[in-house]
Amino acid sequence: MMSDGLELRIRPATAADERMIKATIKRAGLDRTGLNWRNFQVAEDKAGVMAGLCQVRRYRGVRELGSLYVRPDLRGRGLGGALINVCLAAEQPPVHLECIEDRQSFYEAHDFQRIPLWEAPPALRIKSMIGTTGAWLLYRKRVIVMVWLG
Amino acid sequence: MTRKICTLVYALRDGQVLMMLRRKQPNLGQWIAPGGKVELDESPMEGAVRELAEETGLRAVGRPELRLIITETSPLPDWQWLMFVYLVREFEGELSSDGREGELAWVPIDQVATLPIPQADAIFFPWVIDGSPGPLSLKFEYDADLHLLDWRIE
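Chains A and B are the protein sequences, given in the same order.
With the working numbering applied, the first sequence corresponds to residues 13 to 162, in that order.
With the working numbering applied, the second sequence corresponds to residues -17 to 136, in that order.
Do not take every clue at face value.
No more than 30 Å apart at the CA atoms, straight line, and that leaves these computed lysine-lysine pairs for DSS-like [to be verified]:
id, chain 1, residue 1, chain 2, residue 2
1, A, Lys153, A, Lys34
2, A, Lys34, B, Lys6
3, B, Lys(-14), A, Lys153
4, B, Lys6, A, Lys38
5, B, Lys(-14), B, Lys6
6, A, Lys38, A, Lys153
7, B, Lys(-14), A, Lys58
8, B, Lys6, A, Lys58
What the hints contain is simulated information worked out from the structure, not anything from laboratory work.
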C-alpha cells in the first residue's frame, strides 16, 4: 500500500508515449516484442514524469501481462502491483505472463500461479521457448510461465 | 499533522455494489467504493451524496444509511483518516464517470473480497451490507510502511 505523499497516478498510454515506452523497455532490457502503446498503462509522478509501465499484449489468442517497469527510485512501494491491478481490471481471465524464476513469489502475491510450459497457449509456448533459451544463455536464469485466473 | 475527513459510499443494487478502480493515490491500483473528502461547509452525509453524484452520476434517493465510522492512523502525517461509510440502496440517474479518478464496475457482493482492495476495506465490508443495526465504530492502526498492525471494534 502506498501513502499519497508522492502523488502518483496511472493513466492509459497515448501515442505521445510511444517513443518513451520503446526507449524505456530497451534500456531496461525487457522483451522488445509487442510494444503497441495502445496496450500500455503509464504511471507518472506529480511532475508528469514517467514512474512506471505495464501492458497486456495480445497476439494469436494470447493475452500476456508484460513490460512491467518501475523507476528505480520508486521501487518497493507497491507501484508495480498497482500497475498490474490496473492492467488486469480491463481483462477477462486467463492472462498469462512469463518471467524469470526469481520473480515467481512477486507475481504469486498478485494472484498469478505458476503453470507447466506445456499448459501455456501454443503462441506463448513458442515465444517462451525462444526467450527461455536466450535467458539461459545470457543470464543462466530459468524462465517460467504463470497465469492469472481472476 | 492533519486528519482527513472523508466518506465512502457503497451503492447497492441487485446484490451488487458499485466499486471504483483507483487511478490516483491514495489506494492507487486498488478497488474501493466511491467517496472523497468532506468539504469545510458540508456534513459527512452531504459530502457522501455529492461525491457519489460527482464520481458516478448517481443521485441518492432518500437518506444514505451511515454504517461505519472508521479511524485509520499511522506514524505518517498523510495517513490519518476519519471515514464515514454510507450505504445507498436507492438512487436515480445513469452511471457515468469521466474516468479521472478511476473506472467503475458493479461487483457481486461475494466477489468484492476477491478484488485487489485495501486490507481494512476487506475487513469492514461485511458490516456495510449485513443489515445489522449501525453505525459501528472501528479503528485501524498501521505502521510506517502502511502495513496493518491492529484493528478493533469499539
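Quick rundown of the hints versus the structure:
no., hint, result
1, Lys153/A x Lys34/A, "24 Å, holds"
2, Lys34/A x Lys6/B, "24 Å, holds"
3, Lys(-14)/B x Lys153/A, "47 Å, violated"
4, Lys6/B x Lys38/A, "27 Å, holds"
5, Lys(-14)/B x Lys6/B, "16 Å, holds"
6, Lys38/A x Lys153/A, "19 Å, holds"
7, Lys(-14)/B x Lys58/A, "20 Å, holds"
8, Lys6/B x Lys58/A, "11 Å, holds"
Against the hints set out earlier in the document, a violation occurs for number 3 only.
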